[in-house]
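Peer 1: Going line by line, the protein sequences match chains P and U.
Residue numbers for the first sequence follow my numbering, beginning at 1 and rising by one.
Residue numbers for the second sequence follow my numbering, beginning at 1001 and rising by one.
Careful: at least some of the hints might be erroneous.
To be verified - Covered stretches of chain P, going by a simulated chain U footprint (3 or more residues, C-beta under 8 Å):
{"hint": "1", "region": "44-56"}
{"hint": "2", "region": "87-100"}
{"hint": "3", "region": "197-203"}
{"hint": "4", "region": "314-321"}
What the hints assert, rightly or not - Calculated pairs, DSS-like style, for lysine-lysine (alpha carbon to alpha carbon, straight line, at most 25 Å):
{"hint": "5", "chain 1": "U", "residue 1": "Lys-1174", "chain 2": "U", "residue 2": "Lys-1072"}
{"hint": "6", "chain 1": "P", "residue 1": "Lys-7", "chain 2": "U", "residue 2": "Lys-1351"}
{"hint": "7", "chain 1": "P", "residue 1": "Lys-309", "chain 2": "U", "residue 2": "Lys-1072"}
{"hint": "8", "chain 1": "U", "residue 1": "Lys-1351", "chain 2": "P", "residue 2": "Lys-8"}
{"hint": "9", "chain 1": "U", "residue 1": "Lys-1072", "chain 2": "U", "residue 2": "Lys-1097"}
{"hint": "10", "chain 1": "U", "residue 1": "Lys-1099", "chain 2": "U", "residue 2": "Lys-1058"}
{"hint": "11", "chain 1": "P", "residue 1": "Lys-315", "chain 2": "U", "residue 2": "Lys-1337"}
{"hint": "12", "chain 1": "U", "residue 1": "Lys-1351", "chain 2": "P", "residue 2": "Lys-51"}
{"hint": "13", "chain 1": "U", "residue 1": "Lys-1064", "chain 2": "U", "residue 2": "Lys-1337"}
{"hint": "14", "chain 1": "U", "residue 1": "Lys-1058", "chain 2": "P", "residue 2": "Lys-309"}
Honestly, the hints are just simulated from the structure, not real lab data.
The C-beta atom is built at its ideal place from N, Cα and C for all residues, glycine as well.
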Amino acid sequence: MSFIGYKKFVEEGDLVVAYLSRENMTTLIMDSKATYNNKFGTFKHKEMIGKQYGTKMPSHNGKGFMYLLHPTPELWTQVLPHRTQILYLADISFITAYLDLKPGSIVLESGTGSGSISHSFARTIAPHGHLYTFEYHEERAKIARQEFKDHGLSDLITIECRDVCKNGFGITNKVHAVFLDLPAPWEAIPAAKEAFKRTRMGKICCFSPCIEQVQKTCTSLNENGFVEIKMFECLLRYHEVKTIPIYTVTDAVASIKTQQAKKRKHKEQEDDNEISDELIIASSSNDSSGVSSNSKVKQAPPPNLYVSKTPTETKGHTSYMTFATYLPVLYDEQ
Amino acid sequence: MTTSEDSTIVLVQEAVSDKNKTPFKKNVTKVNSEQDEEDELIRENEYVFIQMPSGNIKVVKLQKDTTVSLGKFGTFHSNDIIGRHFGHSYEIYEGDKVKVIRNIAYTKVDETDANNRDIMDDPSKQKLSYTDIEKLKKEGMEGQKSIFIYSRFSRIFTPLKPTLYSVWEYFFRKNPGKIREMRIDTLSQILSLANVHANLKILVVDDTQGLVISGVMERLGGYGIVLGIHDNENHNYDIVRYMNFSTKANDSLRVLSWQQVLEKDEVPFNEVDETTLSENDRKGYNRRKAVYNKLKETKQLLLNGEFDGQYQPESILETLVQYVAGSRPIVIYHINKEVLVNTCVQMRLAKHYLNPQITESWLRDYQVLPGRTHPEMSTTGGGGYILSTTRIIIDQSLPSSSTFTNNTNDTNDNDNNNEAEGNNIKVEKTKIDTTTNNHNSSSNVIIEKNINTGDPRPFSGPAQAPRTNPQGTLPEGKQAAPSNRTSAVGNNIPNTRNFARRQSKHAQGSGKMLSPHPPPCASHEADRKD
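Pulled out of the complex, with its shape left as it was, chain P reads as follows (with noise of 0.2 Å):
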C-alpha cells in the first residue's frame, strides 16, 4: 500500500525508490538477501530494511551513498520503465484538479501506457474510489496490471485489454470523469459519454500532441453534447538558483592594475631569461596572478547575491489538454 500511506521504515518487500542524483534513481524491491551494486559500492538490502524512509544510506565499502526514499506517484514518474510516452508532473497535476478527483471519484482512463497517471489517480481517489483504465496493447496491459498488484492498487484499479476506440468500454452510467490519452480520442469519446453516471456532471480531458488532434476532439466533444469545451497547455519552467559575487568598477580597475603589474614583471622576466616564450609566459603569468590574486583575498570579498536562471532548454511541449464538460441528463420534472 506503499503508494497511497506511508510508512516510516523501510521493512522487507517494500518498493524503495533509491535516489543518487535528480537524474539517477531506481527502485529495489526490499529483499533480505539482494545486494543492490552500483559504482558507489555495494547496498545490501538486509541494512537498509529497519531504517526510516529518507535514510542517507551509506554503500558497504563506504565509498558512496544513497538516499532511500518512499515511493510516491510522483518519484514514479521519474523512475518508472517507459513503455510509452507518459505524463509528468504539471500536466497530470491540473488534470486531477480539472477533473475534480478526489477521494471516492470514479474515473475511466485510455490507454494506460505506461501507467504513470493511473497510480497519480488511484493515489487521489483512494480509499473508496475507483480507476477503470484500458489499454489495447496487450503486452502493456499485462505489465500494468502485474505494476498495479505489485504496487497494491488492484483494488483500486481495473485494467483491461481492449480496443476502446472500436469496441467501446463496456461502461454505462458510472464513472465522474473520464481521461482519454489515445492517437484518435474522438472515436472513443461516443463511449465515453455513454460511460458518464447521468445524474450528474461530468468531465472529460483529451490528451493530445498535435492540434489538428485536438481540432478534431473539440469537434467530436460539440456534436456529442459536451460543453464548455476548452484548451490548455501547461508547462514546468525551473529556475536554477545560485549565488553571483558583485563586483564594482573598483574591482575591474583593481584587476587591470594587477595584469599591468603583471605583464611589467613578466617583460622584465623576460629580459633576465632567454628561454623559450611559451614557458615563460606559463610560470610568469602563475606567479604573478598568485601575488595578485592572494592581494585580492586580503580584501574584502564581494558581496553575493542569491539568483536564480532558467534553463538554457527545457520542455517546450508535451500535448495539449482539451477539457469538457458532461451535463447530466435532463429528465422531465414539471
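Keeping the supplied structure of chain P fixed, place chain U upon it in accordance with the hints.
Peer 2: For chain U alone, coordinates are given in the frame of chain P:
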C-alpha cells in the same frame, strides 16, 4: 429528488457501502448526504455559485423557505432548486417561478461550440432584434437553438457546484490578491508535490485565506488530518466554507496558532496522550493537536509560505521541520521568486533537504475554432513559484554515513551546486595561483567546471561548492568538461578572480588536478589581453 434515476451499478454500491463502513460520528442522515454527494444534489445550508445571465457569479448560502434575489434578473424560491441535481439551468417565469431547462451556463462563453461557429463566422447572424428577443422570452427556452445570444437577455440562472476549481476561479477573478495570486495549475502542483491523499497527516501554513487548506481537505476526503498553523489568534480560512465539506471532512481540519506551536515546546503534553481519542471541547482539541505534534506523528509538511514579508519561510521551516518524517515532501509557495531563492540557498546549506528545486508553472489557454486556433490574446502573467524538496534523515547510527556526511555536506544537491557554482564561472579562464595550487603549475590554464547535469554524481567531489566541501575527493570519472564559453564575457574580470580563489581552494581540498583547459578558451584568453 430524482433518486429513482440513480444507477444500481455494482461498483457504485460497493463504493457507498465502503463509505458506510467508516463510522460516522454524527447522525444517520449522513449516509444520505454521502449518497447526495455522489449525485451532486443542491442541498440546503450549503453554498452555491449562481451564474447569472450576465455571466457574473453570485454566491448564495441556500436556506430553506427563502427567496433568493438575483437583482435585475428576478427572484426565485430556494425550495425550487434544493434537492435537484447540479448541472441544469433554471428559467424564471411568471414572477418567481422556475422551470428546469438544459444547462446553458457554458454555452455563452463556449467559442468552440460548432453552433457558435456559424454565428461567429457571420456577425450579422448574431444580432437578434428586440422583437425576436421578446418573442423568445414569451416562448421560453424550449426548442431554441440561439442560446448563445439569447442568454444575455434571459432570466436564466445556473447553480454551479463549488469545487476546488470553481472556488479558485471565483476568487482568482474577484480578488487574486486574497489567494496570493496562486493559479490553479500551481495549486494543483502543490497538492501533487506534497503527495496529498487520504490517510495523511499534513502540516499547512496557509496564507491564501484557506484555499490551500481547502484543496488539501478535499484530497483527504475526510481521512487523515490537516493541521493548519495560522498567524492570528483565530484562523482566517475563509474559503473553506464555500467547499461545503461534510462534517467528516471538516473534522480533519485542526488548527494551531504560531503561539500555540511555540509554547507547547515548553509545556510537556504527554499526560494528555490518553485523551487523544475522546472528543473534547475546543481546548482539548488544541491540546490534542499539540500532542500530535509533540509525538512527531505529523507525517508531512506542506509549507505554504506567502508571508507578506513578515515571516521568512526559513523561520517557518526551522520551526516545523522537526515534525516532518523522513522522505516526506516539503512544498513552499510564494508569488515572489526572490523569497524562495533565499530559502533554497538556506536549504542547500542545511543537511536535511534533498534537491530543493524552484519551479514555475506556465499555463496557456487556447481558442479552438476551425482555421482559427490560437492561444488566447490575454492570459495570466504568472501563477507563483514553488519550492519543493524532500526531507531526509541522517542516521547517526551509520558511522560511515556520518563521516561521509561531514565530507560531503550537501551531496544531495550535487547537481544544483554544480550548476550554481559552475554557472558562475563556467566560461572563465584563470591563471592559477601557484602558491595555492601546485598541481596546476602549467600556466594560463583555463579550467571549467563540469556543469553537465546529466552526469550522475551523488557524491560531492571538488566540483562541489568549496564552501561546503573542502575535503571532498574527486570521484572517478569526474572531469572538468568544456562548456559554453560565450555567455559570461561581461563578467570576465571579476569572475576570473573569483574562480581563481575557488579553484585554489578546490585543488587544495581535492589534491587532484582538474583537466587543463582545451585550446578554444586559451585563444579567448589571448583576446582579452588585447
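Peer 1: Does each hint fit the structure? Answer for all of them.
Peer 2: Taking the hints in turn, this is what the structure says about them:
no.	hint	verdict
1	44-56	holds (count 6)
2	87-100	holds (count 9)
3	197-203	holds (count 5)
4	314-321	violated (count 1)
5	Lys-1174/U with Lys-1072/U	holds, 21 Å
6	Lys-7/P with Lys-1351/U	holds, 22 Å
7	Lys-309/P with Lys-1072/U	violated, 52 Å
8	Lys-1351/U with Lys-8/P	holds, 19 Å
9	Lys-1072/U with Lys-1097/U	holds, 15 Å
10	Lys-1099/U with Lys-1058/U	holds, 19 Å
11	Lys-315/P with Lys-1337/U	holds, 21 Å
12	Lys-1351/U with Lys-51/P	holds, 18 Å
13	Lys-1064/U with Lys-1337/U	violated, 47 Å
14	Lys-1058/U with Lys-309/P	violated, 42 Å
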